[in-house]
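In the order they appear, the protein sequences are chains A and B.
When you line the first sequence up against this note's numbering, it's residues 1 to 460, in that order.
When you line the second sequence up against this note's numbering, it's residues 1001 to 1512, in that order.
Warning: the hint list may mix true and false statements.
[Stated by the list, open to error] Listed below are several chain B residues computed to face chain A (Cβ distance under 8 Å; list not exhaustive): (1) Tyr1360; (2) Ser1396; (3) Ser1454.
Calculated from the structure, these hints are not laboratory results.
From the three backbone atoms N, C-alpha and C, an ideal C-beta is built for every residue, glycine too.
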Amino acid sequence: MKQVTLCVPLEVKPESCSRLTAAIEDLKRQEDKSADPNSPNFWRLRERIPTLHFMSISVFPAHDYDPVFILEANFDGPEGAFWNDLTAVVGEELRVMIRCCKRPSDGTGALYDAVTALASKRSVAPYFEARTQRPSVFHHGNRGLACQQILRDHSVFLETVEELDRRAPQLYRGEAPAKVHADLRTALLPNHRWLDDQAPERISPAERITDWAALTLFVLLLLAVAAAPGLLLAGLGVARDHLVAMALASVVATAAALLFWVRHLEVRDSSHDRPRQDERMLREMIRREDWITQNHMGSIVLIKPGVLRTVIVRAGHRGLHLALRALRASRAGYLGSMRTVHFAHWAFLNNHSRLLFFSNFDHSWDSYLDDFIEKAHGGLTLAWGCGVGFPTTRYLVGEGAEHGRQFKAWALASRTVSRFWYSAYPDLTVDQIERNHRIANGLRNKSLDDSAAEAWMLDL
Amino acid sequence: MSGFGALRFGRALCLSFGPDLTGGSWLSVLERVAPVTNAVPPGKGETGSRAAALALSWSGLRQMGLEETALASFSRPFREGMLQEDRLRRLGDRRGDDWETTVVPGGPVWSANTPLRASAAGLRGGFDVPDGTAAEAHVTTALSVHAMLLLYTGSDEDASAWCAEVEAALRPVGVTVARSRSLFIDPEHPEQGNISREHFGFADGLSQPDPYDVGGAVTLDDVPVTQPRPVQGVPLGDFLIGYRNGHGEPSPGPVLPVPPPDDDGPAQAGLVRHPTAEGFLDLGLNGSYIVVRELKQDVAAFWQSMDANADRIRRHDPKHASHVTADWIAERVIGRNKDGHLLCPKGTLPPVNGAPNNDYLFWKDDRYAHGCPAGSHVRRANPRDALAPDDASRPSLLEAANRHRILRRGRKYGTSIADPRQDDGQERGLLFMCLNTDIARQFEFVQQTWLLNSSFAMLYGEEDPLLGAPGPMTIREKPLRRIVQVETYVQLVGGDYFFLPSLPALRYFALL
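Full structure from sequences and hints, please.
Right under this line is the structure:
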């Protein structure tokens, strides 16, 4: 099942912004039944949208623009079905929010009128679908696992622990690993019949081939563009007999010229090392964090202007996206050497002049940023270095996020309050989801030999 | 940076200012009875028979009249205090309106009682509507501590006598001793360093960072240490303000606006100009932040719980669990044996020159934690390279872990228990103290992301077995792990964040 990552940005009527914020808070209070111990948090979303992994609704204030409302979601399967499911649960609440946003000037204005008219009964699903914004880059920490699969694997994990430590603590001691595996399988099968089925493929061969083909094509295209000046010269008669040499020389010369140009821009870039932090906003962000294992962040930054920057940002994001789909480590859920990111989602707003970033991650925001600074600063600098005010960079990947304090201050100032935020499995880390999946996959085997069972038992 | 190791006794005095106290003249009074001195490195002359250290809270500095810009220039955790409600949640002390079981019933007894910072929450603009979110709670304690005075002496009698002198001198100037704890260490082999056992019976304070400084501020045997030692090397700036820190810049600290020409107090005190803030003096240079947490230990509860777990495991597995004793479990809760040697798959790590080896790494010999459990206290408190996903990323993960180190300077308080399985009704524990310049990146990170992280190192629903909430703890064995149920043995009694000023800063505070 393919996981879809998208967002819907809507410009807010400034005089309705506070009302919109209150409406989002109302929705959160309505769905988050933490006060009632008998009903789990967000149970309506959990039960009625079984494909939904994560969703957030927030408002981004800005110094340079009117505020923007963004609904962002990660779900399995077709978009149409998701929007229908979502609007069936909270459609009227979302309609109130759309009313707080401006009428778009493009072709979706009529749809806006239809769904926001007084007493309108028209579904808001088509409006959200029409206003959807695709990501420029995304990364999934547990790629290829459907939401329901993640939850099923976890229930197997919990029952395994229960069986080993409470129900039959004596049964599994002193047995050979193969027997422990067989006995556990027998014990769990009645409640989890699906363990008899073969595990579905997480990434199909077709998807794998497409991912690699796209990355290869992208690299070839870059090389072709870099080789073009040399080939053009050859066409004009310069060293006509040495086409390959001319192409190679052209690639080297183009790369050198671009690097020189980049460095020329970098030494003239201004950074924003001590951005002003809105105390009220900061407090609202922090008070929502660190209640559970996962946390959420949303950020918007302006993109540096200029021809070269524009080309680099677009090509860089495309390349990063394709690499994150194709490379083995990122397919296994690693971003650099970090495996705490459930998803990372970049998208361009306002004709590519603003860059949006959303992420769901394990542990605190500070530890997430520390991870970036300590373990993935190069890739992060490449992806975010195009932002206005980003700490001083060197050849696109150097320094930047290594200026840890400045980078944290810059990132913090670009964030907004995650007012409504839903996770289908809030207490599971990326690692734990993989652990659960390995345990469940082991149990799907009718039998394991002792050495395979012993390796599998490391996860129990 | 020495912890006055030669002076094994002492007192921690929580000082409270009376409502009428203003200014810093009480520090001059203190100077006469308990002069604060620079620590003397081991083997660098005599410390004398008495030594004192003083740290101040934000609320204390404010009451003494430190000017507003200077107060605002301290780091956020210090300005907000340890009892700010979001901070309490991250530190595992309180969730919403409820104190966790790891805090004494009813909440901590003492803190700095830092006031809530002014918020713009009340401001209403045109078109604004209330969004129904609650205001920030102001969490307070019965005792307000404005300063921590640490007195170190060679004997307990001298500590009592000195304490009485200090109390008598300070009372007339409006400073009272709100709380006092008798501190001590009792190293069994002083020649191997100051390794003392904490109340549960385990060698404590073993693993410490080795500071270095590219500018040559750290010397060892008169040779500058400018490069990190392989395992424990941490830049000096993570412990002293103004030196190169883990982010590769001088660690930031508080500043003071340059006073008008007729006020030469700051210059006389010895404050120097700040290197980057034009027109400001460096109030932080050579100072640090000190985290203090008074942790009460229930020794009998700890050992009774170990007994109960050992009994249960042996009962459930009579044939294969004869090695599981209370000591065996307790060693795995800590991660070391009682003498401080690290557990490893083949037993314990051999000593180096008779003392526990502290330059170990986890990944190579104990990646799957069959020796030192993944969730043991020492592995959580400093995972070194244990969290590396593969061999290639070990160096970067070790380097990442060393960005979050603290310099521990805790001492135990109370008396040693006669029978560890019999509660004698006496209060005892550890006065946890650590130095760091970035409280959020160092102390709070260690507490939140390592010690109390319920999914640390791919564990599920487990916290630090000593400091965390009651619950399971996994101990790996081949082929199947065992799980023990740990209870609450350690409770927070009080604490806060304090500023440990340099001598010039302290002299300046006395002029307020």
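Consistency of the hints with the structure:
Hint status for tyrosine 1360/B: violated, given a least beta-carbon distance of 21 Å to chain A, over 8 Å. The beta carbon of serine 1396/B comes within 6 Å of a beta carbon in chain A, closer than 8 Å, and the hint placing it at the interface holds. Given hint, serine 1454/B at the interface with chain A, holds; its Cβ is 7 Å from that chain's nearest Cβ, closer than 8 Å.
Hint compliance for this structure: hint 1 is the single one not met.
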